[in-house]
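Q: Keeping their order, the protein sequence lines are chains R and V. Counting in my numbering, the first sequence runs from 1 upward without gaps. Counting in my numbering, the second sequence runs from 1 upward without gaps.
These are computed hints drawn from the structure, not numbers from a lab. Among the hints, a few may not be true.
To be verified - Covered by chain R, according to a simulated footprint, are these stretches of chain V (three or more residues, beta-carbon under 8 Å):
1) 125-138
2) 247-261
Claimed, not checked - Think about it this way: if two alpha-carbon atoms lie no more than 30 Å apart in a straight line, the pair counts; the simulated DSSO-like pairs of lysine-lysine are:
3) R/K42 <-> V/K280
4) V/K257 <-> R/K42
5) R/K257 <-> R/K150
6) R/K506 <-> R/K288
7) R/K42 <-> R/K288
8) R/K257 <-> R/K436
Every residue gets a Cβ at the ideal spot worked out from N, C-alpha and C, and that includes glycine.
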Amino acid sequence: MSYLTSAALWWLLPVLGTIIVLYLMKMRRQDMRVPATFLWPKLTSDVRANAPMQRLRLSLLLILQLLAASLIVIALAGPLHRVRGLAGSATIVVLDNSASMSATDVSPTRFGAAIRRVDALIAGMSGADRLALIDVGASTRIVFGLTSDKPQMTRAMRSLAPCDAAGNMSEALRLASALAMNRPKARIVVLSDGNFPTVTDFSLGRAELVYESIGTSQKNVAITALDSSLSPTGQVQCFTSVHNFDSGPMPVTLTFKVDGNIADAQQFTIPAGQSVARTFNASHGAHKAQVRISAPGDILAADDQATIYLQGSGSVRTLLISNGNLFIERALSLNPAVRLEMAGSVPEDERLGSPGAGAYDLVVFDNIAPVPVKAAAVWSLGVPGQQFGVADAGMISHPNVLDWSHDDPVMRYADFRSLVIDHAHVVRSLRGAPIKILATSSGGALIVSGRTAGRRTLYTAWNILDSDFPLRVSFPVFVANAVAWLTQDNQRASGAAIGLMVHPGKPFAITTPGGSATLVRPDDSKSALDASTGLSIVRGIDQVGEYRIVGPETNANVAVNLLDEEASDVRPRATLNLASVTVAANKSPGGSLSEIWRPLILVVLCILAAEWWVFVRRS
Amino acid sequence: MPETSKIQSASGISVLTPAERQRLERLRLAPRRRFAGRVRGERTSRQKGVSIEFADYRDYAAGDDLRSLDWNILARLDRPTIRTYQDEDDLAVYLLLDMSASMDFGNPSKFHAARKAAAAVGFIALAGQDAVYPIAIGGSAEGPRALRSRASAGALDRWAASLEPSGSASLAATLSHMATSGSMRPGMAVCITDALDAAAPQAIRALGARGHEVLVIQILSNIEIDPEMEGDLRLLDSETGAPVDITANAEALRIYKANLTAHCQAVEDEAGRLGGRYIKLLAHQPIIETLTHELRRAGALQR
Chain R
1 MSYLTSAALW WLLPVLGTII VLYLMKMRRQ DMRVPATFLW PKLTSDVRAN APMQRLRLSL
61 LLILQLLAAS LIVIALAGPL HRVRGLAGSA TIVVLDNSAS MSATDVSPTR FGAAIRRVDA
121 LIAGMSGADR LALIDVGAST RIVFGLTSDK PQMTRAMRSL APCDAAGNMS EALRLASALA
181 MNRPKARIVV LSDGNFPTVT DFSLGRAELV YESIGTSQKN VAITALDSSL SPTGQVQCFT
241 SVHNFDSGPM PVTLTFKVDG NIADAQQFTI PAGQSVARTF NASHGAHKAQ VRISAPGDIL
301 AADDQATIYL QGSGSVRTLL ISNGNLFIER ALSLNPAVRL EMAGSVPEDE RLGSPGAGAY
361 DLVVFDNIAP VPVKAAAVWS LGVPGQQFGV ADAGMISHPN VLDWSHDDPV MRYADFRSLV
421 IDHAHVVRSL RGAPIKILAT SSGGALIVSG RTAGRRTLYT AWNILDSDFP LRVSFPVFVA
481 NAVAWLTQDN QRASGAAIGL MVHPGKPFAI TTPGGSATLV RPDDSKSALD ASTGLSIVRG
541 IDQVGEYRIV GPETNANVAV NLLDEEASDV RPRATLNLAS VTVAANKSPG GSLSEIWRPL
601 ILVVLCILAA EWWVFVRRS
Chain V
1 MPETSKIQSA SGISVLTPAE RQRLERLRLA PRRRFAGRVR GERTSRQKGV SIEFADYRDY
61 AAGDDLRSLD WNILARLDRP TIRTYQDEDD LAVYLLLDMS ASMDFGNPSK FHAARKAAAA
121 VGFIALAGQD AVYPIAIGGS AEGPRALRSR ASAGALDRWA ASLEPSGSAS LAATLSHMAT
181 SGSMRPGMAV CITDALDAAA PQAIRALGAR GHEVLVIQIL SNIEIDPEME GDLRLLDSET
241 GAPVDITANA EALRIYKANL TAHCQAVEDE AGRLGGRYIK LLAHQPIIET LTHELRRAGA
301 LQR
């Protein structure tokens with residue numbers, strides 16, 4: 001217990017001392033002559049004292065008076081009691097529901113513990129308290145707004161389910177701040193392990209922020225990467241990376257399955273904080289590859305398994321229009337999915353036509369002005385064109401890549417940091433153009449993808465020969481990503497089962513001809529998709545696993561893998577960095593300081609009533 | 001000599017009014033037992049065949065049998081004198097009036113009521129030709145040795161009127177001493193007291209052990225029946241001065257009342273065990289009426 005003014009407790013000494021001194025005084029009794037005294041009982045109770053001195057005798061009145069005086073002094077000192085309930089008029093609970101909250105270092109899981117904490121907060125609410133709950137999962141949603149209706153809260157809590165998606169804590173905190181606005185003594189309680197990116201655009205206002213850290217361990221080994229490619233020998237190569245997030249070495253058993261059959265198994269130890277990469281071969285024609293790891297004491301299961309659907313071989317007919325570029329030619333030819341042809345210009349019969357009507361699936365313009373083609377996918381390096389939905393922003397020298405979309409399929413696993421570019425033909429987006437800027441510099445967009453008129457386009461703003469990009473590991477990765485994305489529609493049109501790999505919580509679009517489609521979850525539960533427009537937006541895939549999308553003309557396998565180093569780093573954070581504020585974790589969760597002088601005064605009144613009753617009864 | 005002058009006290013105030021005397025003169029004490037008389041009286045003797053024998057002279061009192069008048073003395077001295085004989089027993093009635101300081105409580109005081117009760121009982125006894133021995137317990141005033149006939153009513157009245165409660169002697173000790181002194185022939189011992197002495201039952205037992213028929217007239221006042229006191233007090237015993245510290249709360253009063261009831265009951269039980277009688281009077285009540293009523297109810301008066 002703490003006090004607002006603990007110095008007031010010094011008053012205990014004089015107050016209690018005075019009472020005791022009064023009890024040390026003897027009673028001066030009034031003399032009264034009576035006929036006889038033998039009938040009177042020697043029944044005395046010293047309730048008054050007015051003459052010195054006598055030996056202190058313990059009496060109920062003395063105890064009650066000392067107790068009452070002590071409580072009054074303590075009440076004046078402003079005692080503060082840590083309560084599990086609420087201490088503000090409005091409390092907004094921000095519940096982290098990201099993948100790391102499924103860690104089992106806290107029973108049953110961090111998410112389960114957070115739910116229990118919310119239940120306790122609800123149970124501890126008094127009449128004037130208001131509580132709101134924000135679930136930060138695949139999407140940020142208000143489970144229930146500020147209310148004191150406990151049954152409503154309990155009902156709403158039933159809709160909460162663990163999620164493997166990365167939450168948007170920044171959005172949630174802004175929402176919480178808005179709810180707390182203009183409410184005195186508002187509190188924002190963040191129930192989380194702190195495993196989310198630093199929140200920069202957030203203002204706490206007058207609200208108090210309490211961070212209750214959930215989690216005790218960082219013992220986790222995770223699959224952080226999984227990809228496949230065709231080797232020149234026709235075999236499918238799968239690449240995987242396993243990272244140890246623990247502070248000590250972890251023994252790991254890795255199992256590689258192809259189409260459900262174990263193809264390889266390895267045991268190795270990963271040093272603390274290190275990654276181990278492994279490559280496995282699958283036979284040509286294999287459909288699905290799975291990687292599973294097991295490590296003793298691993299607390300997060302969502303990142304212990306990953307699935308990839310293997311691509312077909314040589315199915316992408318590609319025309320490279322170039323004046324000679326060994327690097328792009330080599331990168332394309334090494335892609336097992338690509339059947340490469342090269343030319344100095346676009347043949348006449350491949351120009352101007354509906355998408356997909358030509359002989360090629362993909363036309364790549366290497367530092368040559370692009371012209372309209374029949375191919376369904378066009379990639380230009382260094383020279384922009386109107387079909388890319390961009391406007392020429394001019395040439396700039398030595399641009400730096402300021403930012404890029406890490407999650408975009410084109411940019412996945414590619415690193416553009418410290419990329420040296422001599423000069424680039426940057427662009428800007430045309431208003432309303434269906435494009436996406438994947439990388440930007442200070443002068444304009446450097447990489448732009450687009451989907452226009454049934455055609456996929458990609459523009460890279462520099463000649464790769466004018467940069468050190470071809471010398472980087474990221475270059476073949478980027479080229480492979482670009483080819484895979486540009487020709488994705490082509491693969492679907494082939495009629496074979498489409499294999500997709502997505503992150504949990506990320507909505508995606510899939511063509512669903514036939515007017516209907518159904519999402520089949522790993523537990524075989526089904527939900528219908530809106531396929532009325534021939535394109536379905538798939539949302540709500542929040543947990544890792546293998547999903548299927550089936551319909552009259554749709555057959556797609558969706559592997560939902562975590563593959564997220566940030567999500568797998570389950571180390572509970574001791575502090576939260578929010579804009580300019582750093583909030584330390586509350587070490588005694590469930591605590592908020594509440595003044596308790598009111599109940600103390602009530603107790604004092606009861607004691608005084610009892611003291612008065614005893615006094616009257618004795619006198 | 002006018003009758004009224006005989007019943008005047010020394011201070012000129014009569015203890016009994018003429019009306020009260022008139023009311024009492026037809027009453028007679030009714031002892032449960034018969035006692036051997038010393039002089040001729042109106043009560044049948046237990047001793048058979050005893051011849052008439054002169055015993056003594058005494059002053060004539062109104063109502064005396066004129067046959068016992070000694071005409072010779074009347075002729076010589078012009079003073080009516082009665083001759084008494086031993087062939088009819090008289091009853092020795094000992095009027096034991098408590099003079100202790102505890103009697104001086106109440107408004108009116110218990111002693112005022114006790115004095116009147118003593119005068120009344122004595123007058124009844126004298127009217128019945130019984131021998132009355134007035135004894136002030138714990139008092140210094142020496143009373144008349146024996147009173148007989150109505151003529152002694154004035155002396156009895158003067159004796160009663162002359163007493164003031166001041167004694168510090170214990171009621172029990174005095175009664176015990178009297179009982180064991182051997183100078184008292186058996187008779188009716190009328191003890192008029194508040195009996196507020198822890199040893200009162202023992203003293204009454206000692207009195208009864210000497211062959212006396214005991215009549216206890218306990219007189220209490222309101223301050224004893226329902227004391228009005230509160231707070232922290234030091235009670236001082238009116239006779240011994242012994243202090244008792246009390247907190248006069250409900251509990252203390254409850255215990256006191258219970259003790260008083262038990263003590264009175266013990267006194268009554270002791271009197272009953274000795275074949276005697278016990279009546280209780282309250283000082284503020286009309287004494288003569290209450291006394292006669294209670295005596296009649298207790299069977300202490302002839303019907």
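Q: The structure should be examined with respect to each hint, and the outcome stated for every one.
A: Right, here's what the structure says about each hint:
{"no.": "1", "hint": "125-138", "result": "violated (count 0)"}
{"no.": "2", "hint": "247-261", "result": "holds (count 9)"}
{"no.": "3", "hint": "R/K42 <-> V/K280", "result": "27 Å, holds"}
{"no.": "4", "hint": "V/K257 <-> R/K42", "result": "14 Å, holds"}
{"no.": "5", "hint": "R/K257 <-> R/K150", "result": "49 Å, violated"}
{"no.": "6", "hint": "R/K506 <-> R/K288", "result": "21 Å, holds"}
{"no.": "7", "hint": "R/K42 <-> R/K288", "result": "101 Å, violated"}
{"no.": "8", "hint": "R/K257 <-> R/K436", "result": "36 Å, violated"}
Of the numbered hints listed earlier, those contradicted by the structure are 1, 5, 7, 8.
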